[in-house]
Amino acid sequence: MIDRMKRGVLWLALLPVFLAIAGLLWTPATSWSAENNAPAGQPGAAPPPIKHPVADPAGCLQCHGPAGPKPLPASHNGRGVETCTMCHKPATDAGQAASGALEATPSQEGEKTAEGSAPKESSQTSTGGENASSNCLTCHGQVGATVKLESGEELSIYVDASALSQSVHGGTLGCTDCHKDKTGYPHNKLEATTVRAYASAGSAICSSCHQSEREAYSQSVHGQMSAAGRTDAASCADCHTAHAVKKGVEISYEFSICAKCHQNVTDSYKSSVHGTLALSGNKDAATCVDCHTTTGTAHGLQSGSDPDAASAPENVAQTCGACHPKALETYSTSFHGKAMRLGVTHSAATCVDCHGAYGVQRVHGPEAPLDDAKVASACAKCHEGADENFAKGWMGHEEASPNWFPAVFFTERFLFFLTTAVVAFGVVHVELDLLRWFTTGRKKKNNKGVKDDNKDS
Amino acid sequence: MTTKIVNPKTQDAEREIDEQAGTQKGATLAILWPFLAAVGLMFKRAVSSAFAYSSEARLDDGTEVLPERTLSEASWNELATAEGPDISRFDLHQRIQHILMFTSFIVLAATGLPQKFHTFGPSQWFITSLGGIEMVQTIHHVAAFVMLFDCLYHGVYLVHGILRKKDINPLRMIPSPKDFLDAAQMFLYFLGISDRQPKFDRYSYLEKFDYWAVFWGIAIIGGSGLVMLFPVQITKVLPGQLVPVALAAHSDEAVLAVGWIFIVHLFYAHLAPRVFPFNTSIFTGKVPRERYREEHPLDYRRILIKERRQQVREQGGPRLTLPVGGGAPDILPNPDSAGEESTQEPR
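Going down the list, the sequences are from chains L and B.
Each residue of the first sequence is one higher than the one before, counting from 224 in my numbering.
Each residue of the second sequence is one higher than the one before, counting from 11 in my numbering.
Okay, chain B solo, but in the shape it has when bound (with noise of 0.2 Å):
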């Protein structure tokens, strides 16, 4: 596939060299174009081929469900409004980081801030009632180790749950092309321009945000706090500029996240009007039904197939084959022909 492309395009630049008799530039281009080419479609592959829901609504007998393509909405509507259980949305495991970082991160803001506006009145107050500046700064310190094991935990945590329990939806924490679309269309829902808002998968362009910014925040944050907690070690092997590139950095990055998580990640986590006041999600794991269907309809379509394809399994019932490109399908479950089709269920 590649080569094909390659060839024809290098002939044409070999022409082009030709043209401009050994134009440096244009020889660069006509060595890099191809590369590029190539890179471009791989990436187009692999993006489509990790992003698309398509895969994960692969049933157990192989058969390929395309629900956004094949599903009537009459029949998706009809399907989501079902009663069940709520939807499991974060494990034992993801729950307790949660509540490893939020303290850790409370305990950081509360003693770091009065640390960089130390001049304000109360940040003075606040120190001296915790009993001086060293133990500020000792607590500082302990609840930064409890945020980087909290770090490695979420590492472990998550190569573990890819490489051996096969779980993608880490993966789906990637930012797409759809979360910039997405985005777009929620601010020309905002204003009025347009009625339909987006709809997420698995997580919105926000929670994606706000997991890499944790992300970036804690390489930079938690980076630059060692180089000040080890200054002088680190300057054996790393130049001296880089302490109070650390200094500067430290404080203003905290000082974006502190701003970030308590209007933004606040706001849409507990304070706005669809789970005002308080959201228990992250601390359960559970999202009602009717919400996540509301908030990640992408990725409660993905959970209806599983649930469907668990329930075939469990209790057999009709298998959920769709006509690929056909008129309206009939997925919902037929009780009456379940007995039949659970000796024909594969594996």
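Only chain L is shown next, with the shape it has when bound in the complex (with noise of 0.2 Å):
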């Protein structure tokens, strides 16, 4: 026994002598993964130079692939090995790679050329890129430029450098590594024949990077119709710009971009309790791709007719929740709830429903008291002939409490109580039954105990 407890102790002892020393084996792994992803991760820093000498950078992936030695970090799977070099320059002085492609000059790529070991092919392109960057915008620099299409309509070809040079792309890529055909003048006659097949095409261009990004797209609603050759569907430039590109995260709130289509549905969502809070600057209050997304990116656009959608009917309790927990709490819990949740889709009455969608207003709060006639109407969308004394038995978002609907909450108390006591009344009364049975109700079948017990009276 107390060998036992001896034991305890020291093992107990020790316990603090063993976390010490994981934490140690511990910290060396995760600040080598700080120093080694965090940079690229952060957004707007310049990539990690190569340190070592390529001798083909077709083989990068043997060391930095997903198997290898020093695997990529996550957000760059799909991305394929000829792109490498487009933002890790292979260069012995680290701050000159860091530095802006549009802003290097010849005789510093002469120098990289000579001291480093990168090899030709990618410190040509790379030249190429730069040196094309100067010598395109001689033409595409001219505020106002535009080429005429097949079909009449005029292409503008203006690039506004500076806005190339701040966005996510400035001072690693240059003209050439997105129009790689146009690495000569005059350059290739141009496929597209419209405006909009000319955006749509584009998506290509970055899908040469953004691997990962173009899957989700595709799955969205805007690259399904891309892919069924709606050229007017949204494609990358739409959104994140052509040249000023922009991270997702930065414009994710931007329902203006979605206006830009999306005029109809956007006017109503501007005076929505959403839209003016949107309006006046917070960033917190739900836009589009909120509402519109189950993946929190605007890659995975979904129509509202798709059952998986966040804003179809199974999905809007959910999807509202996400921002309004104490909504959904009553609401899963509610009769229209429960009918949705149990598969009633077609009819059970959802957020939107009652509040609108594009248009969501609060239908009663503190501030404003509870509207019988307002929510009346709200009911009699689907109760046909709800009148306003029907709407008096709606409990809102709130549990019934002494203040608020008395009526059901002492209801939902007596009965509580009342369960409680009855049942409890009735098990113990079977179990002392059963208990009274196994002492002494079988000796008294022996004595032939039914006649004796009449006489006990």
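None of these hints come from the bench; they were simulated from the model.
Among the hints, erroneous ones may be present.
[What the hints assert, rightly or not] In the EDC-like style, the derived pairs of lysine to aspartate or glutamate whose C-alpha atoms are separated by at most 16 Å in a straight line are:
1) B/LYS246 x L/GLU611
2) L/LYS597 x L/ASP610
3) L/LYS403 x L/GLU305
4) L/LYS549 x L/GLU622
5) L/LYS615 x L/ASP595
6) B/LYS126 x B/GLU144
7) B/LYS316 x B/ASP96
8) B/LYS246 x L/ASP595
9) L/LYS561 x B/GLU144
10) L/LYS597 x L/GLU611
11) B/LYS126 x L/GLU635
12) B/LYS188 x B/GLU217
13) L/LYS412 x L/GLU377
14) L/LYS549 x L/GLU621
15) B/LYS246 x L/GLU607
16) B/LYS246 x L/ASP610
17) B/LYS218 x B/ASP189
18) L/LYS483 x L/ASP455
Using the hints, put the two standalone chains together into the complex.
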């Protein structure tokens, strides 16, 4: 016994030591990954330069592939090996490699090529791009420059160089990194015949690096429409813009981007509780993306008619509940919520049936008392003939309490105690009966107990 | 009788008022007291006349029999252990009513509980395997109307039985003070404090509870169910708050009903050692004489008297006259004197 206690105390004493050793072993690993991954993940930070000689750029993935000793960060998944050197410059001087490609001068490039053991091919590509950047701007730097397409539409070919250098691609990508076919002049003839066709085709350029986004996009309603040949479907540049490219997190709350095509709904959105908040500069206010994706990024935007969509009747409550958890809780225990959960998806009321979808409004709240007439009109959408008296039975998203629907509260209370008391009485009755039977009941039977029982009285 | 009580009390009260110089409370009491006393007395008389089985034990010639007081236990036991056919406890209507009741109850519970506990995995499986929630709700509504029909049936049966057939057995279902004493005695017996079990009349306190639980349960569950089924129409007449109240009450009360039926009722009907494994009484209407004597000794005495009376009427026999307050009476039939007595039988 004492031995056991001693052993227990010993283990307890050793536990912090074990934990300390584990901590020491763990720390280098985390600091290593932070050192290697964090800069790549941070927006706008320059990609780390290649610190070693590169014999063959096609061989990057031998070491940096998923199975290699220094695998790529997860954000790079899907990018082809030919794109490595677009961002990661093979340079001895880290500072130079990180400096903007547009600003890079030919002399610097020359140094680089001379000093570094970078392969010819890669340095040629990048030099070509940078030279082109300054060359390109002689034409494309003209404000208002356009070309006429076959359809007769005019396609703007003006590029704001400062917008490009301040964009997320600024300092890493030059003109010909994206416009690969425009290395010479005159350029090859444009395949696109309309402005929209040109914009739509541009997505292919982005997806040579942003493959995972491309995949997500192809599942989205925009991507599916685009794949079906609809050139009016939003493509990469419609949201991110072509040259002043912004990261998704910076633009996802900008409903004005969606409004470019979806004017009809953004108008009512602007007057909604969400819209007024968003317009006042509150970035927590729900915008288009918050309700139209389940993935949280605009690349997975779904059509409302898609049964898996965040805005489909089955999922509306969950979608709204992400920000309104209390409403979700009371909804899911309500008659409507139960019906929805149990599959009455075509007729059970969801959030939007009472509050509206784009023009979502607060039906009532602390500052606005419940307007029975307003509620009744919402009820009457499904409950034909519902009047204000019917609407008075709507508890809103509040639990019953002595102040709020006391009749419901005390009914629940009363029945809870009644049920507990009655069932407890029954259980005790049965148990005691069995107990008595087990202890004396069987004996009695042997003695013809029935008769004795009567004689007692 | 009542006036005799009222007058002195009123005078007392008047005196009191004089003393207290018109206190409101005193005045109210003074006015109410005689009424309360009268009502109390009337209630006591009503109860004692309705529940004293002595009234049933009045013989055809009008002789009143008070078995409990007049018969020695020895004679009762001798009489009671006599062989005989099974006791008829439930008539055909009652049996049909019970079948309708338990089938609809089981269907309602099976289709209702998964709706209350809808997040529970097996509930969802059950609902989808029945063909979706709308199918489940339809089944629930159909079963509910079967149960409501059963209630109407029972109501008509009661009224007809009591008023037309003059059957007062249903009235014995009304709770009486004896039930509380019986329950207390039962618990004393369970706990080993007493060795005497309570003697039940036609319905034991548990059976009465079963019946009245169904009665109030159907009032609450059926009423709230109708409110939920026709919320718009109901709120044209009744307050709107009734709808959430009905929603809360419906399933909470249903849980109580299911708990009671499946724990207590099922135990005492089928699982108790006395009847295990299956009690056929509610289907056949018959209870073995031996068991009925054990379970409902007081009603059994009444049945014996009835049977005796029937026997006398049919075959003739000694009249069951009992000297009230006398010594050990002889109530056992005397077949030898049957012929003589039959001529003198009234009616």
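To see whether the hints hold, each was checked on the structure:
A hinted pair counts as satisfied when its Cα atoms are at most 16 Å apart, and B/LYS246 with L/GLU611 qualifies at roughly 9 Å. Distance check on the hinted pair: L/LYS597 and L/ASP610 sit about 10 Å apart at the alpha-carbon level, within 16 Å; holds. In summary, the hint linking L/LYS403 to L/GLU305 is supported, as the alpha carbons are separated by about 13 Å, within the 16 Å threshold. The hinted pair formed by L/LYS549 and L/GLU622 meets the criterion: a straight-line CA distance of about 10 Å does not exceed 16 Å.
A distance of roughly 6 Å separates the Cα atoms of L/LYS615 and L/ASP595; the hinted pair therefore holds under the 16 Å criterion. Our distance criterion of 16 Å between C-alpha atoms is met by B/LYS126 and B/GLU144, whose separation comes to about 14 Å. Between the alpha carbons of B/LYS316 and B/ASP96 the distance comes to roughly 14 Å, so the proposed pair stays at or under 16 Å and holds. A hinted pair counts as satisfied when its Cα atoms are at most 16 Å apart, and B/LYS246 with L/ASP595 qualifies at roughly 15 Å.
For the given pair, L/LYS561 sits about 12 Å from B/GLU144 by alpha-carbon distance, which is consistent with the 16 Å threshold. Proposed proximity of L/LYS597 and L/GLU611 is supported: the alpha carbons are some 9 Å apart, at most 16 Å. With a CA separation close to 14 Å, the supplied pair B/LYS126 and L/GLU635 stays within the 16 Å bound. At most 16 Å may separate the alpha-carbon atoms for a hinted pair to count; B/LYS188 and B/GLU217 meet this at roughly 14 Å.
For the proposed pair L/LYS412 and L/GLU377, the alpha carbon gap of about 15 Å is at most 16 Å, so the pair holds. Restraint check for L/LYS549 and L/GLU621: the C-alpha separation of about 8 Å stays at or below 16 Å, so the hint holds. Straight-line distance between C-alpha atoms of B/LYS246 and L/GLU607 comes to about 12 Å, which keeps the hinted pair within the 16 Å bound. Using a Cα cut-off of 16 Å, the hinted pair B/LYS246 and L/ASP610 holds, with the two alpha carbons roughly 8 Å apart.
A C-alpha spacing of about 9 Å is found between B/LYS218 and B/ASP189, which places the hinted pair at or below 16 Å, so the restraint holds. Proximity of L/LYS483 to L/ASP455 is assessed by CA-CA distance (about 11 Å); at most 16 Å being required, the pair is judged to hold.
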